[in-house]
Amino acid sequence: MGDRLLDIKDIHVEADGTEILKGLNLSVNKGEVHVIMGPNGAGKSTLVNVIMGHPKYKITSGDIIFENEKINDLKTDERAKKGIFLSFQTPEEVPGITVEGLLRSSRTSITGKPIKLMAFRKELKEKLEILQFDESYASRYLNVGFSGGEKKKNEIIQMMMINPKLAILDETDSGLDVDAVKIVSKGVNKFKNENNAIVIITHNSKILEDLKPDFVHVILKGKVVKTGDASLIDEINNNGFAEFKEAALS
Amino acid sequence: MERKKTFIEDLDRGFYDIKNKDIYSYKADKGLTKEIILNISKEKNDPEWMRDFRLKSLEIYNNMELPTWGPSLDELDMDNIVTYVKPNTQMKGNWNEVPEDIKDTFEKLGIPKAERESLAGVGAQYDSEVVYHSIKEELVKQGIVYTDMETALREYEDIVKEYFMKLVPPNDHKFVALHGAVWSGGSFVYVPEGVDVEIPLQSYFRLNSPGAGQFEHTLIIVEKGARLHFIEGCSAPKYNVTNLHAGCVELYVKEGATLRYSTIENWSRNMLNLNTKRAVVEKNGTIEWVSGSFGSKISMLYPMSILKGEGAKAEFTGITFAGKGQHLDTGAKVVHAAPYTSSAINTKSISKSGGVAIYRGAVKITPNAHHTKASVSCESLMLDDISRSDTLPVLDILNDEVDIGHEAKIGRISDEAIFYLMSRGISEEEAKAMIVRGFAEPIAKELPLEYAVEMNNLINLELEGSIG
Numbered sequence: 001m002g003d004r005l006l007d008i009k010d011i012h013v014e015a016d017g018t019e020i021l022k023g024l025n026l027s028v029n030k031g032e033v034h035v036i037m038g039p040n041g042a043g044k045s046t047l048v049n050v051i052m053g054h055p056k057y058k059i060t061s062g063d064i065i066f067e068n069e070k071i072n073d074l075k076t077d078e079r080a081k082k083g084i085f086l087s088f089q090t091p092e093e094v095p096g097i098t099v100e101g102l103l104r105s106s107r108t109s110i111t112g113k114p115i116k117l118m119a120f121r122k123e124l125k126e127k128l129e130i131l132q133f134d135e136s137y138a139s140r141y142l143n144v145g146f147s148g149g150e151k152k153k154n155e156i157i158q159m160m161m162i163n164p165k166l167a168i169l170d171e172t173d174s175g176l177d178v179d180a181v182k183i184v185s186k187g188v189n190k191f192k193n194e195n196n197a198i199v200i201i202t203h204n205s206k207i208l209e210d211l212k213p214d215f216v217h218v219i220l221k222g223k224v225v226k227t228g229d230a231s232l233i234d235e236i237n238n239n240g241f242a243e244f245k246e247a248a249l250s
Numbered sequence: 001m002e003r004k005k006t007f008i009e010d011l012d013r014g015f016y017d018i019k020n021k022d023i024y025s026y027k028a029d030k031g032l033t034k035e036i037i038l039n040i041s042k043e044k045n046d047p048e049w050m051r052d053f054r055l056k057s058l059e060i061y062n063n064m065e066l067p068t069w070g071p072s073l074d075e076l077d078m079d080n081i082v083t084y085v086k087p088n089t090q091m092k093g094n095w096n097e098v099p100e101d102i103k104d105t106f107e108k109l110g111i112p113k114a115e116r117e118s119l120a121g122v123g124a125q126y127d128s129e130v131v132y133h134s135i136k137e138e139l140v141k142q143g144i145v146y147t148d149m150e151t152a153l154r155e156y157e158d159i160v161k162e163y164f165m166k167l168v169p170p171n172d173h174k175f176v177a178l179h180g181a182v183w184s185g186g187s188f189v190y191v192p193e194g195v196d197v198e199i200p201l202q203s204y205f206r207l208n209s210p211g212a213g214q215f216e217h218t219l220i221i222v223e224k225g226a227r228l229h230f231i232e233g234c235s236a237p238k239y240n241v242t243n244l245h246a247g248c249v250e251l252y253v254k255e256g257a258t259l260r261y262s263t264i265e266n267w268s269r270n271m272l273n274l275n276t277k278r279a280v281v282e283k284n285g286t287i288e289w290v291s292g293s294f295g296s297k298i299s300m301l302y303p304m305s306i307l308k309g310e311g312a313k314a315e316f317t318g319i320t321f322a323g324k325g326q327h328l329d330t331g332a333k334v335v336h337a338a339p340y341t342s343s344a345i346n347t348k349s350i351s352k353s354g355g356v357a358i359y360r361g362a363v364k365i366t367p368n369a370h371h372t373k374a375s376v377s378c379e380s381l382m383l384d385d386i387s388r389s390d391t392l393p394v395l396d397i398l399n400d401e402v403d404i405g406h407e408a409k410i411g412r413i414s415d416e417a418i419f420y421l422m423s424r425g426i427s428e429e430e431a432k433a434m435i436v437r438g439f440a441e442p443i444a445k446e447l448p449l450e451y452a453v454e455m456n457n458l459i460n461l462e463l464e465g466s467i468g
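Chains as they are written, first to last, in our numbering: chain A, 1 to 250; chain B, 1 to 468.
Treat the hints loosely; a few may be bogus.
Incomplete in silico selection of chain B near chain A, CB under 8 Å [stated by the list, open to error]: (1) Pro-47; (2) Glu-48; (3) Arg-51; (4) Asp-52; (5) Glu-416; (6) Ala-417; (7) Tyr-420; (8) Ser-423; (9) Arg-424; (10) Ile-426; (11) Ser-427; (12) Glu-430; (13) Ala-433; (14) Ile-435.
Residues of chain A placed beyond 12 Å of chain B at every Cβ, according to the derived structure [stated by the list, open to error]: (15) Asp-63; (16) Asp-77; (17) Thr-227.
Please keep in mind that the hints were generated in silico from the structure rather than gathered at the bench.
For glycine and all other residues, C-beta sits at the position ideal for the given N, C-alpha and C.
Chain A with its partners taken away, still in its complex shape (with noise of 0.2 Å):
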């Protein structure tokens, strides 16, 4: 396995003066694929909202390394020119900015450069075609009427537009149907490669059969209670979380 990317290192994380992680320890390197399960409210989107530098949460203690480089206090389009990505479990809809303009917006911003159009425009096409998105989405208000799994496929259309060196999709493969969960698999594959490494939040087991996880951590009462390979996944799916509740206490 490759380089280290990112580290995180005992965190403990505030929200509304509530504490919900409690000394997270999580470790990924590049061409790592890691998923993260875990009962609803065990801290999983506070995990990936505060990597992402969400100002709604506030570290208390520990730290946040990515590619050796303390990132606890950089703001949130910092942490993305960095290379860090974030597939939003509910985008927003945002009226008014058309999908290409997001991104076109994103890659002046992340590169620095202006941007050659036809190239982009041709590179936009092939990513749309791969999510099986009419060409027409591009000029669409972002995430404004789009159905849910849309949404979700929106979400990785942009992640391979902007080709991050670390992508959290944050449930990015519930409320799709089996095709779309394809179709968003297939997506996630073509980006996948030894120099990047993807961090997967889910509750189904669908999206992993195509994306082989090389790390299944499970997390509990705001820490990471066991970590295994991909055969943990059947053990939850057979059995639930009740078996690591008793880690979660100690």
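Model the placement of chain B on the given structure of chain A, informed by the hints.
Chain B only, in chain A's frame:
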């Protein structure tokens, strides 16, 4: 995470704020007396009926109260307003003959360039008088008249007499009475039956003189089956004294005719903008208003459409942006006075840094106006906790056979949307500006292109450095 907040006290409005020396050939005394009115009338060589009209309007003005609703107008002291400032030039038909300083101002505002590139005719008013007017030769040949009101009063006196302040009579409210007394400048457009003016005409109003008022009168008549797009732009440099704008726009849209009236108002923030605009639309005619209100300290502006003939239509698309110290009370009125008429009002407002943006509008449907359709949609976006937005729509429906839709939304800029865009590598400032531009986009695309660009620049300027 600690973030520094920076605030800008007042905008650098760039070339809008360039002040020229206050040079004039005649300037009325401050205040409003019969003697001042008579002097203005004499200076302007009014025909007798117009002089009498001014005096009658003054009398109405003196007997009328200030409006009891809307923003407070306490700071308006008519004794300190100069109602007439005649620039030190005659009206020119050749741009090169316009005095250097005035020419320079309009050059910076992009007026002659726009004329060369995309307009069929241009008028430019400086303080109280129009200093430049031109129209393409082909249009003259088609019988189109586009000139300043003073010339119209001399050369088309019968038409002016028939229409002038008949749609907006001086007893309508105090500021039109004032307008009737001291009006000066403005544009006159006459489009003969069946003529389609394919490219727009544009008048630009600039108030340079401190403590002065601008009271231009715009009179447009679009005859049967004809079509016109008229653009109006307004600006002024900022002074510490109060300036007043009380213009009046009267639009006559005849049977089957279409008029689009676009306005971008970017008065400086010492301006009280108390403007009155009204259109009357005959059978199957259409009035389309596009209105952008960005400047002034206080605005009260509610363009009104009277749908007088069967099948007449009105559309109003407006955007208002109120920043620090601004109270912009804007909206639209429609009177459905005939069957099968339809109207659509679509407004957006943005308020920030303590600005107040109010939508105030009214739709009235008379008892005989069956099978009418009206829709009102107003959306407000407040960019912080100290700004205020409100919507005050009134629907007065005296008929059962109508189809009415109404929607009002007041919201704040969504933190989640900002986070979403920032997660794509876009800075907080730019994310906010993108969201605001996106909010304004449906309106911006209705504006003439150069104004849409200007509006986006203004939004960027407003948001720069003011993000917490």
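How the hints compare with the structure:
1. Pro-47: violated, 51 Å
2. Glu-48: violated, 55 Å
3. Arg-51: violated, 52 Å
4. Asp-52: Hint on Asp-52 of chain B: violated, closest Cβ of chain A at ~52 Å, above 8 Å.
5. Glu-416: holds, 5 Å
6. Ala-417: Result: holds, 5 Å to nearest chain A Cβ.
7. Tyr-420: holds, 4 Å
8. Ser-423: Result: holds, 5 Å to nearest chain A Cβ.
9. Arg-424: holds, 4 Å
10. Ile-426: holds, 5 Å
11. Ser-427: Hint on Ser-427 of chain B: holds, closest Cβ of chain A at ~5 Å, below 8 Å.
12. Glu-430: holds, 7 Å
13. Ala-433: Constraint on Ala-433 of chain B not satisfied, violated at 10 Å.
14. Ile-435: holds, 6 Å
15. Asp-63: Holds, because the least Cβ-Cβ distance between Asp-63 of chain A and chain B comes to about 14 Å, which exceeds 12 Å.
16. Asp-77: Per Cβ check, Asp-77 of chain A is inside 12 Å of chain B; nearest 4 Å; violated.
17. Thr-227: holds, 26 Å
Taken one by one, the earlier hints fail for this structure at numbers 1, 2, 3, 4, 13, 16, listed in ascending order.
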